[in-house]
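Visitor: One letter stands for each residue in the lines below.
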Amino acid sequence: MRLATALAACAIAGLVLAPAPWLVSDFALSLTLSCLMYVGLAVSWAMFSGATNYLSLATAAFFGIGAYVTAWGHGTLPYAVAVPLGGLAAALFAAAIGAAVLHLRGAYFAVITFGLGELVRHAITYGEKTWARTVGRVISDPPATETVYLVVLALALAAVATAAAVRASRFGLALAGVGSDEERARTLGVNTRLVKTGGFALAAFFAGALGAAVAVRWTYIEPASVFNPFIGFQTVLIAMVGGAHTLAGPIASAVVFSVLTELLRLQFPYAYLIVLGALLILLVLYLPGGLASLLERWKWRQRHA
Amino acid sequence: MSIARFGGILSAVALAAACLPAAAQEAPVRIGYAIARTGPWAAGAQLTQEPNYIMWADQVNAAGGLNVKGRKRKVELVGFDDRSEAETVVRTYEKLMGSDKVDLILPPWGTGANFAVMPLIQKYGYPMIAPTATGRRLLGMKNPYFFAILQQPDRMMEALAEFLKARRVETAAVIHVDELFGLEQYTGLEAAFKEKGIRIIEKKTYPLGVKDLKPVLNDIKAKNPDAFIALSYPPDTFLVTAQAREIAFNPKAFYAAVGTAFPIYRDKLGPAVEGVMGLGTLNPKSSPAAKAYFDAHVAKHNKEPDRWASAHAWAALQVLEQAVAKVGLDRKALRDAIATGEFDTVIGKVRFKDGENVTTPGVVSQWQGREFEVVWPPDKATAPALFPKPAWR
Numbered sequence: 131m132r133l134a135t136a137l138a139a140c141a142i143a144g145l146v147l148a149p150a151p152w153l154v155s156d157f158a159l160s161l162t163l164s165c166l167m168y169v170g171l172a173v174s175w176a177m178f179s180g181a182t183n184y185l186s187l188a189t190a191a192f193f194g195i196g197a198y199v200t201a202w203g204h205g206t207l208p209y210a211v212a213v214p215l216g217g218l219a220a221a222l223f224a225a226a227i228g229a230a231v232l233h234l235r236g237a238y239f240a241v242i243t244f245g246l247g248e249l250v251r252h253a254i255t256y257g258e259k260t261w262a263r264t265v266g267r268v269i270s271d272p273p274a275t276e277t278v279y280l281v282v283l284a285l286a287l288a289a290v291a292t293a294a295a296v297r298a299s300r301f302g303l304a305l306a307g308v309g310s311d312e313e314r315a316r317t318l319g320v321n322t323r324l325v326k327t328g329g330f331a332l333a334a335f336f337a338g339a340l341g342a343a344v345a346v347r348w349t350y351i352e353p354a355s356v357f358n359p360f361i362g363f364q365t366v367l368i369a370m371v372g373g374a375h376t377l378a379g380p381i382a383s384a385v386v387f388s389v390l391t392e393l394l395r396l397q398f399p400y401a402y403l404i405v406l407g408a409l410l411i412l413l414v415l416y417l418p419g420g421l422a423s424l425l426e427r428w429k430w431r432q433r434h435a
Numbered sequence: 003m004s005i006a007r008f009g010g011i012l013s014a015v016a017l018a019a020a021c022l023p024a025a026a027q028e029a030p031v032r033i034g035y036a037i038a039r040t041g042p043w044a045a046g047a048q049l050t051q052e053p054n055y056i057m058w059a060d061q062v063n064a065a066g067g068l069n070v071k072g073r074k075r076k077v078e079l080v081g082f083d084d085r086s087e088a089e090t091v092v093r094t095y096e097k098l099m100g101s102d103k104v105d106l107i108l109p110p111w112g113t114g115a116n117f118a119v120m121p122l123i124q125k126y127g128y129p130m131i132a133p134t135a136t137g138r139r140l141l142g143m144k145n146p147y148f149f150a151i152l153q154q155p156d157r158m159m160e161a162l163a164e165f166l167k168a169r170r171v172e173t174a175a176v177i178h179v180d181e182l183f184g185l186e187q188y189t190g191l192e193a194a195f196k197e198k199g200i201r202i203i204e205k206k207t208y209p210l211g212v213k214d215l216k217p218v219l220n221d222i223k224a225k226n227p228d229a230f231i232a233l234s235y236p237p238d239t240f241l242v243t244a245q246a247r248e249i250a251f252n253p254k255a256f257y258a259a260v261g262t263a264f265p266i267y268r269d270k271l272g273p274a275v276e277g278v279m280g281l282g283t284l285n286p287k288s289s290p291a292a293k294a295y296f297d298a299h300v301a302k303h304n305k306e307p308d309r310w311a312s313a314h315a316w317a318a319l320q321v322l323e324q325a326v327a328k329v330g331l332d333r334k335a336l337r338d339a340i341a342t343g344e345f346d347t348v349i350g351k352v353r354f355k356d357g358e359n360v361t362t363p364g365v366v367s368q369w370q371g372r373e374f375e376v377v378w379p380p381d382k383a384t385a386p387a388l389f390p391k392p393a394w395r
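Listed in order, the protein sequences are those of chains Z and P. The numbering used here puts the first residue of the first sequence at 131, with every later residue one more than the last. The numbering used here puts the first residue of the second sequence at 3, with every later residue one more than the last.
Hints are computed from structural coordinates only; laboratory data are not their basis. Take these hints with a grain of salt, some might be off.
[Claimed, not checked] With a cut-off of at most 27 Å between alpha-carbon atoms, the simulated BS3-like pairs for lysine-lysine come out as follows:
| # | chain 1 | residue 1 | chain 2 | residue 2 |
| --- | --- | --- | --- | --- |
| 1 | P | 305 | P | 287 |
| 2 | Z | 259 | P | 305 |
| 3 | Z | 259 | P | 216 |
| 4 | Z | 259 | P | 225 |
| 5 | Z | 259 | P | 144 |
| 6 | P | 287 | Z | 259 |
All values derive from a computational prediction rather than experimental measurement.
Please take these sequences and the hints and turn them into a complete structure.
Guide: Dropping the structure here:
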């Protein structure tokens with residue numbers, strides 16, 4: 131997708147979705163918010179991991195760091211400041227950690243990024259109980275649902291716009307270069323270390339900011355709920371089902387996946403996980419390239435018809 | 003057609019129309035909730051809470067329906083899986099109260115999930131009586147629609163301190179899980195022990211999901227306290243019992259918090275649980291009502307309820323039922339009725355003050371044979387306490 135097209139699409143999506151709090155039902159709004167959260171998480175994840183083939187499982191760690199920034203700042207920092215600050219904290223953390231572990235590849239990288247989530251979770255638990263004599267934080271007067279929704283919408287669109295801009299830039303080419311052949315990219319003069327760390331931190335910014343934005347809805351912020359590994363797994367799953375190497379794939383997948391899970395959950399309260407699991411198996415078997423490969427196949431056929 | 007005849011038909015039609023709503027089935031009372039059926043919260047939720055909801059709806063419907071201010075209406079439960087996720091809890095209750103506008107709601111399982119629903123019940127004005135939410139912080143939110151029917155940590159720990167004081171216990175070692183529950187229980191325990199003059203000679207904490215407590219237990223064993231108290235969650239309760247037995251650490255009083263009241267604790271650990279104490283409220287011997295509750299639960303679900311929060315879940319439904327009988331489904335009136343009334347339940351009389359159940363006393367229970375006997379307070383006791391605790395078997 132061309133950058134201009136992508137940005138125009140973002141602007142239109144923003145215009146269409148922004149009035150939702152005043153038009154749709156509470157539940158539809160809540161579901162849209164969930165979709166947007168996963169759009170932001172999956173797109174930013176794919177921006178780094180899809181391009182570089184570095185499978186990161188640290189999304190939950192970034193998300194949780196962001197959430198704790200809002201929790202700590204609650205009462206002193208306005209929401210509008212806490213959200214970007216949450217993103218920034220996650221990005222700084224990612225940059226520091228990335229510098230240390232981004233020489234690992236494949237399964238090693240995946241495992242260590244997963245371990246990071248646990249590390250941060252236990253570190254925060256320890257720090258909280260030692261210095262604050264508590265573990266959870268109560269958000270006593272959370273921002274209005276409309277505010278949270280609009281902030282999450284802005285973050286999701288910003289993630290998409292950023293991912294589109296990165297894809298069109300030299301930086302994006304360098305990331306893709308790392309993905310296809312890191313040695314060659316380095317030989318050709320790409321500072322792979324810097325590029326990887328930058329990409330990792332940029333992706334972390336969005337996960338952190340989304341954590342900071344969404345967690346206020348839960349009233350009570352505790353390590354177990356904000357460092358929920360499920361959030362990380364779901365993000366990776368969505369991006370892969372959509373096609374992590376594309377921009378539109380993870381977006382479509384986040385919407386389809388969130389809505390489908392929700393419909394199945396509400397329609398088949400007891401059997402939905404079985405249905406969902408079966409669908410996933412079918413997808414992996416018959417569409418290994420993700421939803422995006424459907425479109426690619428169709429385009430290929432058009433061209434060669 | 004004569005006017006008289008026309009009038010006759012008209013009145014007949016009017017009569018039929020008037021009879022219609024009475025003859026046709028009245029719309030059921032829709033009661034919504036989200037609860038964990040999958041994920042880490044599911045074990046607790048499916049033991050303590052949802053089975054009670056299902057059994058209650060069955061019993062009410064079998065008796066002709068819920069008494070809504072004198073009129074019987076069937077109840078229909080609208081229950082969804084919350085996947086043990088705070089965001090899903092919030093979304094589901096927004097759907098139930100904001101979009102579907104169900105008549106009543108029931109709470110989700112656990113303190114975290116109850117926190118997540120707090121702002122919503124206030125926004126939409128639905129009273130909620132929570133059987134599995136504990137913590138001063140929760141009550142500190144002063145939400146007029148929230149009612150905690152489980153005994154709060156300080157109350158439970160005071161009962162434990164009184165029990166130990168009556169047995170002349172002087173020293174105790176305490177471990178607790180690093181979580182709101184563990185911290186609040188510990189705060190309560192510390193204050194109660196100080197007042198009763200019981201010295202805490204060792205205090206250790208451990209993270210959620212701990213896999214080995216033996217080093218800690220060995221240290222504590224060397225200090226030889228009179229009482230050992232683990233303010234633990236179910237997995238650690240099982241762990242600490244098994245490991246204390248392994249190293250033959252057998253203090254005069256051995257107490258573990260959540261999970262001791264579960265039938266599976268007895269079934270899995272067998273005779274090892276003899277003399278172990280923990281958080282409880284009642285057992286089938288407590289009263290005829292308790293016996294009836296246990297029998298009905300076994301008949302319906304083919305498993306026993308736990309001996310602590312299950313009964314509170316049932317009592318919460320009884321409170322709701324009695325309040326609805328009195329004031330109907332107007333939720334503001336219902337809230338006021340719950341806040342000001344006194345209710346007869348399986349756990350005894352229940353009355354709320356500032357959202358807290360102030361009538362149910364703190365209880366200490368102890369495994370003796372196959373029963374989790376209530377051993378404190380004396381007027382609720384179903385058996386004398388085994389003290390000191392017999393050797394591990």
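Visitor: Are the hints correct? Go through all of them and say.
Guide: Outcome of the hint check:
About 17 Å separates the Cα atoms of residue 305 of chain P and residue 287 of chain P, which keeps this hinted pair within 27 Å; it holds. Straight-line distance between C-alpha atoms of residue 259 of chain Z and residue 305 of chain P comes to about 38 Å, which puts the hinted pair past the 27 Å bound. With a CA separation close to 22 Å, the supplied pair residue 259 of chain Z and residue 216 of chain P stays within the 27 Å bound. Distance hint between residue 259 of chain Z and residue 225 of chain P is fulfilled; the C-alpha atoms sit about 25 Å from each other, no more than 27 Å.
A distance of roughly 24 Å separates the Cα atoms of residue 259 of chain Z and residue 144 of chain P; the hinted pair therefore holds under the 27 Å criterion. Using a Cα cut-off of 27 Å, the hinted pair residue 287 of chain P and residue 259 of chain Z is violated, with the two alpha carbons roughly 40 Å apart.
Consistency with the previously given hints fails for numbers 2 and 6, ordered from lowest to highest.
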